[in-house]
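Sequences and hints are given; from them, build the entire structure.
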Amino acid sequence: MDVKNKWDIIIVGAGPAGSAAGYTLAKKGFDVLILERGRQPGYKELFGGRVYAEPLKKIYGNELSGAPIHRWVKKEKLSFVDGNKLVSLEYQSDTSTSFTTYLPQLAKWMADKASEAGALLVEEVTVDRILYKDGKVVGVGSGPDEAYADLVIDAEGVNRLLLEGLGLVEKLKPEQVAIGAKETIKLGEDKINERFGLSKGEGMAWLLMGSITDYIPGGAFVYTNKDSVSIGLVLHLGHAIKEVKEHISQMVEKLRLHPQLRNLWIDGDIMEYGGHLTPEAGPAMMPKKLALNGLLITGDAGGLLLNVGYTIRGVDFAAYTGYLAAEAAIEAHEKGGFTESNLSVYEKKLRDSFVYKDLTRLTGMQDLYSDAKMFKALPKLAVGTASRVFEIGLETPGIWNSFTQARKEAGFGLFSLAWKGYKLMKKM
Amino acid sequence: MSQEQSKQDVKPMKIDDILQRDVWDVDLEPHITVDSSKCEKCPTKPCLYLCPAGCYVLAGNKVVFSYEGCVECGTCRVICPMNAITWHYPKSGKGIMFRFT
Numbered sequence: 001m002d003v004k005n006k007w008d009i010i011i012v013g014a015g016p017a018g019s020a021a022g023y024t025l026a027k028k029g030f031d032v033l034i035l036e037r038g039r040q041p042g043y044k045e046l047f048g049g050r051v052y053a054e055p056l057k058k059i060y061g062n063e064l065s066g067a068p069i070h071r072w073v074k075k076e077k078l079s080f081v082d083g084n085k086l087v088s089l090e091y092q093s094d095t096s097t098s099f100t101t102y103l104p105q106l107a108k109w110m111a112d113k114a115s116e117a118g119a120l121l122v123e124e125v126t127v128d129r130i131l132y133k134d135g136k137v138v139g140v141g142s143g144p145d146e147a148y149a150d151l152v153i154d155a156e157g158v159n160r161l162l163l164e165g166l167g168l169v170e171k172l173k174p175e176q177v178a179i180g181a182k183e184t185i186k187l188g189e190d191k192i193n194e195r196f197g198l199s200k201g202e203g204m205a206w207l208l209m210g211s212i213t214d215y216i217p218g219g220a221f222v223y224t225n226k227d228s229v230s231i232g233l234v235l236h237l238g239h240a241i242k243e244v245k246e247h248i249s250q251m252v253e254k255l256r257l258h259p260q261l262r263n264l265w266i267d268g269d270i271m272e273y274g275g276h277l278t279p280e281a282g283p284a285m286m287p288k289k290l291a292l293n294g295l296l297i298t299g300d301a302g303g304l305l306l307n308v309g310y311t312i313r314g315v316d317f318a319a320y321t322g323y324l325a326a327e328a329a330i331e332a333h334e335k336g337g338f339t340e341s342n343l344s345v346y347e348k349k350l351r352d353s354f355v356y357k358d359l360t361r362l363t364g365m366q367d368l369y370s371d372a373k374m375f376k377a378l379p380k381l382a383v384g385t386a387s388r389v390f391e392i393g394l395e396t397p398g399i400w401n402s403f404t405q406a407r408k409e410a411g412f413g414l415f416s417l418a419w420k421g422y423k424l425m426k427k428m
Numbered sequence: 001m002s003q004e005q006s007k008q009d010v011k012p013m014k015i016d017d018i019l020q021r022d023v024w025d026v027d028l029e030p031h032i033t034v035d036s037s038k039c040e041k042c043p044t045k046p047c048l049y050l051c052p053a054g055c056y057v058l059a060g061n062k063v064v065f066s067y068e069g070c071v072e073c074g075t076c077r078v079i080c081p082m083n084a085i086t087w088h089y090p091k092s093g094k095g096i097m098f099r100f101t
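Those protein sequence lines, which keep their order, are chains A and B.
Per my numbering, residue 1 is the first one in the first sequence, and the count goes up by one each step.
Per my numbering, residue 1 is the first one in the second sequence, and the count goes up by one each step.
If you're looking for bench data, these hints aren't it; they were derived computationally from the structure.
It is possible that some hints are incorrect.
[To be verified] Listed next, the in silico EDC-like pairs over lysine to aspartate or glutamate satisfying Cα-Cα at most 16 Å (straight line): (1) A/Lys28 to A/Glu331; (2) A/Lys75 to A/Glu90; (3) B/Lys91 to A/Glu123; (4) A/Lys373 to A/Glu409; (5) A/Lys27 to A/Asp8; (6) A/Lys423 to A/Asp371; (7) A/Lys420 to A/Asp371; (8) A/Lys373 to A/Asp214; (9) A/Lys186 to B/Asp22; (10) A/Lys75 to A/Asp94; (11) B/Lys45 to A/Glu246; (12) B/Lys91 to B/Asp25; (13) B/Lys91 to B/Glu68; (14) B/Lys91 to A/Glu124; (15) A/Lys191 to A/Asp269; (16) B/Lys91 to A/Asp128; (17) B/Lys91 to A/Asp145; (18) A/Lys85 to A/Glu391; (19) B/Lys14 to A/Glu246; (20) A/Lys27 to A/Glu327; (21) A/Lys28 to A/Glu334; (22) A/Lys226 to A/Asp190; (23) A/Lys200 to A/Asp94; (24) A/Lys357 to A/Glu347; (25) B/Lys45 to A/Glu243; (26) A/Lys27 to A/Asp112; (27) B/Lys14 to A/Asp269; (28) A/Lys242 to A/Asp214; (29) A/Lys376 to A/Glu409; (30) B/Lys11 to A/Asp269; (31) B/Lys11 to A/Asp267; (32) A/Lys77 to A/Glu202; (33) A/Lys289 to A/Glu347.
[Said to hold, decoys possible] Over the 12 Å line for every Cβ pair with chain B, so calculated as not near, a few chain A residues: (34) Leu168; (35) Leu198; (36) Ser353.
Glycine is no exception: its CB is placed at the ideal position from the N, C-alpha and C atoms.
Rendered as structure tokens:
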């Protein structure tokens with residue numbers, strides 16, 4: 001870090017949270033240093049494939065149209081998979097609120113926006129400690145180097161080694177996170193349009209549950225990018241450590257080669273493969289405080305990601321919490337400084353925003369999804385019913401009879417099914 | 001397409017071959033160290049299945065670890081039942097470089 005040594009604000013990590021904070025603060029004229037451990041912003045980042053746009057519009061306004069957007073999602077698909085059979089629900093629309101992209105591209109764009117606004121971005125610096133002195137955070141360290149600031153914004157990501165080092169959080173537990181593993185398959189723009197029934201610039205988001213993860217709670221995903229598809233799995237680690245039977249890369253390969261799916265991309269080439277942890281626990285993973293003397297905690301490091309089973313919101317949540325942290329810092333500065341009491345307006349802003357409302361309202365839903373028995377039984381019920389209804393021999397089976405047989409085979413009592421369905425609907 | 005060909009097309013790729021698609025600038029110094037004496041006593045060894053890069057493999061009854069193909073997800077550190085793993089990020093721009101994730 002052979003740059004100057006004292007800053008108004010140092011941000012750790014040029015991911016969606018850090019860069020959104022840096023952009024917002026630099027625009028206000030703060031002297032901002034963003035430290036990124038990768039050679040380029042985004043090089044250490046991986047997500048499923050889709051970003052919800054509205055929170056980003058709040059931050060970037062019309063400039064968002066210049067972002068590296070691959071396709072606007074106009075087709076949503078949910079599938080239950082049981083062996084080689086699957087049952088799907090598809091939603092198609094002429095409007096869209098989310099887009100697909102490569103996160104490394106989006107992260108680079110967001111970091112460039114922060115730079116253009118006047119923040120100094122320094123890459124290839126792995127911050128390994130947050131400096132704490134006389135009851136407040138005063139800067140960061142990387143090996144022999146130290147840099148000082150009135151405020152540090154922690155946007156270090158899910159592993160949050162720095163917060164652990166400060167004693168603000170304990171080491172992550174398997175129950176708090178999920179592992180995502182993903183392949184990006186190059187296919188060509190026209191082939192994607194033809195095979196997924198999409199027009200130019202239109203995308204699809206597809207989530208699959210059931211035997212596709214060996215019934216380990218989590219799910220599989222397929223997203224269409226401009227000329228590639230992203231396919232992968234998310235497995236709740238608390239379950240996966242007990243239930244996994246084969247290497248996770250081979251599970252991703254089974255998804256790629258699934259008889260009902262493979263023809264969509266069989267002639268494509270794998271361009272890249274990777275894995276990343278994602279917060280799962282919602283409020284249970286949050287540090288006790290997100291604002292301390294001289295420190296704000298944003299994005300995945302704060303556990304501020306929403307997973308409700310049928311969709312995951314990570315990037316937009318991270319970006320928006322970075323933005324709220326910046327707004328809080330601006331207000332705290334006006335009030336006289338980055339003390340805990342002045343910065344605590346960040347927690348209020350989070351509570352008043354969709355971030356905290358969604359997290360507290362919807363996180364319990366994922367408990368229902370990850371109820372291991374239910375997670376196995378639902379796909380069996382859906383596929384079992386459909387296969388009885390549609391695979392007609394001599395006699396045409398009735399729908400209720402098919403459902404009842406499938407329900408019994410899946411091990412559901414009628415009452416317990418109704419009760420779980422009711423609880424799920426209430427959460428939603 | 002003949003039965004023969006279709007069988008060839010549907011063969012899963014091994015993790016080592018899949019990882020050929022990725023790009024690293026490998027640090028000379030490992031960013032992860034494993035106390036393999038603890039692994040010997042580990043009853044479940046979840047790292048063998050859940051490290052997405054397959055950095056942990058079994059040789060005989062020993063867990064052999066290599067850091068070069070690590071994608072820096074942190075999974076091994078979270079799941080290790082024996083607390084055998086000392087985990088840091090690689091230094092100064094080293095390690096995995098995701099481009100299309």
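Verification of the supplied hints:
no.	hint	verdict
1	A/Lys28 to A/Glu331	holds, 11 Å
2	A/Lys75 to A/Glu90	holds, 7 Å
3	B/Lys91 to A/Glu123	holds, 11 Å
4	A/Lys373 to A/Glu409	holds, 13 Å
5	A/Lys27 to A/Asp8	holds, 13 Å
6	A/Lys423 to A/Asp371	holds, 13 Å
7	A/Lys420 to A/Asp371	holds, 10 Å
8	A/Lys373 to A/Asp214	holds, 13 Å
9	A/Lys186 to B/Asp22	holds, 14 Å
10	A/Lys75 to A/Asp94	holds, 9 Å
11	B/Lys45 to A/Glu246	holds, 12 Å
12	B/Lys91 to B/Asp25	holds, 11 Å
13	B/Lys91 to B/Glu68	holds, 13 Å
14	B/Lys91 to A/Glu124	holds, 8 Å
15	A/Lys191 to A/Asp269	holds, 13 Å
16	B/Lys91 to A/Asp128	holds, 9 Å
17	B/Lys91 to A/Asp145	holds, 13 Å
18	A/Lys85 to A/Glu391	holds, 11 Å
19	B/Lys14 to A/Glu246	holds, 12 Å
20	A/Lys27 to A/Glu327	holds, 11 Å
21	A/Lys28 to A/Glu334	holds, 12 Å
22	A/Lys226 to A/Asp190	holds, 9 Å
23	A/Lys200 to A/Asp94	holds, 13 Å
24	A/Lys357 to A/Glu347	holds, 12 Å
25	B/Lys45 to A/Glu243	holds, 12 Å
26	A/Lys27 to A/Asp112	holds, 13 Å
27	B/Lys14 to A/Asp269	holds, 15 Å
28	A/Lys242 to A/Asp214	holds, 12 Å
29	A/Lys376 to A/Glu409	holds, 12 Å
30	B/Lys11 to A/Asp269	holds, 14 Å
31	B/Lys11 to A/Asp267	holds, 13 Å
32	A/Lys77 to A/Glu202	holds, 14 Å
33	A/Lys289 to A/Glu347	holds, 8 Å
34	Leu168	holds, 17 Å
35	Leu198	holds, 19 Å
36	Ser353	holds, 28 Å
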